[in-house]
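Student: With the hints as extra help, turn the sequences into a complete structure.
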Amino acid sequence: MKFLNRLRKFPFLAWLWFLLGALYFVLPLLATFEFSLSWDPAVPFKAYQRAFEDVRFWRSFIASNVFAVITIIACIILVVPTAYWIRLRLPQARRIVEFITLMPFVVPAIILVFGLIRVYSTPFTIPFTNIVFMQALTQFKAGTNILIVAGYMVLAMPYMYRSVDTGMRTVDILTLTEAAQSLGASWFVIITRVILPNIRSALLSGALLTFAIVVGEVILASFLGVNAFGPYLFLLGQHRAYEPAALSFVSFLLTWIAMGMIQLVTGGQNQTAGGH
Amino acid sequence: MAQTTVPLKKTPAPTNWKTWLGVAPFFLFAILFLFLPSMRLITASFTSPEGNFTLDNIRQLFTVPLIVNAYKLSIQISAITALGGGILGFLLAYAVTVGGLPKSLRPILMTFSGVASNFAGVPLAFAFVATLGRQGFITHVLRDYLGVDLYSAGFNLYSFAGLSLVYMYFQFPLMVLIMAPALDGLKREWREAAENLGATSTQYWLRVALPVLLPSILGAMILLFGNAFGAYATAYALTGGRIGIVTIQIGAQIRGDVLYNPGLGYAMAVGMVVIMAISLAGYSWLQAKTERWLR
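In the order they appear, the protein sequences are chains A and B. Residue numbering for the first sequence follows numbering that gives the first Met the number 0, beginning at 0 and increasing consecutively. Residue numbering for the second sequence follows numbering that gives the first Met the number 0, beginning at 0 and increasing consecutively.
Since the hints were made in silico from the structure, they are not lab data. Errors might be hidden in some of the hints.
Stated by the list, open to error - The calculated label-pair distances, taken between Cβ atoms and stated as ranges, are:
no., chain 1, residue 1, chain 2, residue 2, range
1, A, P90, B, N155, 50 to 58 Å
2, B, W16, A, F139, 35 to 43 Å
3, A, M133, B, F34, 16 to 24 Å
4, B, T18, A, L195, 18 to 26 Å
5, B, P261, A, Q138, 13 to 21 Å
6, B, F61, A, Q48, 32 to 40 Å
7, B, W16, A, Q180, 40 to 48 Å
We put the CB at the ideal spot given by N, CA and C, even for glycine.
Tutor: As structure tokens, then:
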């Protein structure tokens, strides 16, 4: 009787949904891993060896990581003072700034890159004359790099801003600022030595999410012609079979590490991005 | 002796233009890299090849078959995966919140959802090729052990159905992430009250829980719709542009003027922005409605 009772309470349906979801999650990863090992049964990690031997892999992967780091730093420099100033002095700007940070949801990456190319592929001239004072950004390497980092910053903005703003909600910005000011701290010192350390877990979670977006990003990089990891993996997939599977599995692991760390630093308040 | 006292009330500091300088870099950045590009696309879509104002490009969005088809395909795939992903995601979120599964499963599912909703683009496409492609893992297992040949039964990963399956991989985890907190908001008292009044579990769900959750479910599904609508890399990596959804067509237009009319390409981009804006507006409107009951 007791057993029957317990059986009736057993959440069959809930388990069914859970198993279904778990299969959906795990099977593609399992299949990718299995496929990446199946190249040569004698040398199970051959695909990984070959993939890591390729200089172009390292070049593009390092480039993507550098872009990610620059994007994160530039985003912090732009977002933290803005969010701080809004909380401290300019609450009336909150709505408009929040609205702007949501814009990337309305302007997906493919449209963003379309617009960026359209605007920055013509040289800048002094108004009403034909005198060029700056080349088109898409015409030289540093210019393209500026464009791509700016594009990544736009894509990362919603997550970065929300992370930072949530982080600031939990600390008393006003009191901290007044205390620092009364000790004679300058604005620069207040932001770098007082505010930043107090929101470091929020910063870290925003940074990791940005990292996950940038490292695998394909659209901006391929349309701007930048040798990043995303386009490299795509091209590799055009003419190789096993190495792309290996690298796909590796990039899954990287995403996993980034998300796991976010989980750790925020204590479960997960966030999500979309770089599809 | 009358003395006028000036009350020492602390007035909020008047915001002059100098205070706004603090957010100037942010606005400058947004103007340079977000508004200028979007505005340029919008103005270009209303410009004829001769440089005059025209509504022709917008009109052609609704008449050129290639474009109408692209929008149709995009809307279909986004709606199907939003619905499918929404239902599966909701059921999963239900299972780990109020469904009675062990508490320890929840953080695992949430982390997994965080990873999967961010795991998209090229690697995702490759993962599904290894799973359901012609030489894929599941294709093999089904053929060798169950005698079911997916591909001769009409399945094709590089088709609309296949692409939908791939999209689902980042769609339903997003639903889990949004719905789990909403399901947490269901108050225990509501269920107890319903049970005390003699309601069955089905009645409780149909009459109490689902109506309360409905705005949040719909809002989340609209978000999933936009999520799929803006996707490009996954579809491109999987089908190489054979399935002409809007993003793929726009990509082709950027690479080279495949529509033989640049203005039409810009109009296509603007049409997409409009759809994304409508879905985001719908989402925030429903989100505001949700907050009445939950939290």
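Student: Are the hints correct? Go through all of them and say.
Tutor: Evaluated hints:
{"no.": "1", "hint": "A:P90 x B:N155: 50 to 58 Å", "result": "holds, 55 Å"}
{"no.": "2", "hint": "B:W16 x A:F139: 35 to 43 Å", "result": "holds, 36 Å"}
{"no.": "3", "hint": "A:M133 x B:F34: 16 to 24 Å", "result": "holds, 20 Å"}
{"no.": "4", "hint": "B:T18 x A:L195: 18 to 26 Å", "result": "holds, 22 Å"}
{"no.": "5", "hint": "B:P261 x A:Q138: 13 to 21 Å", "result": "holds, 20 Å"}
{"no.": "6", "hint": "B:F61 x A:Q48: 32 to 40 Å", "result": "violated, 54 Å"}
{"no.": "7", "hint": "B:W16 x A:Q180: 40 to 48 Å", "result": "violated, 22 Å"}
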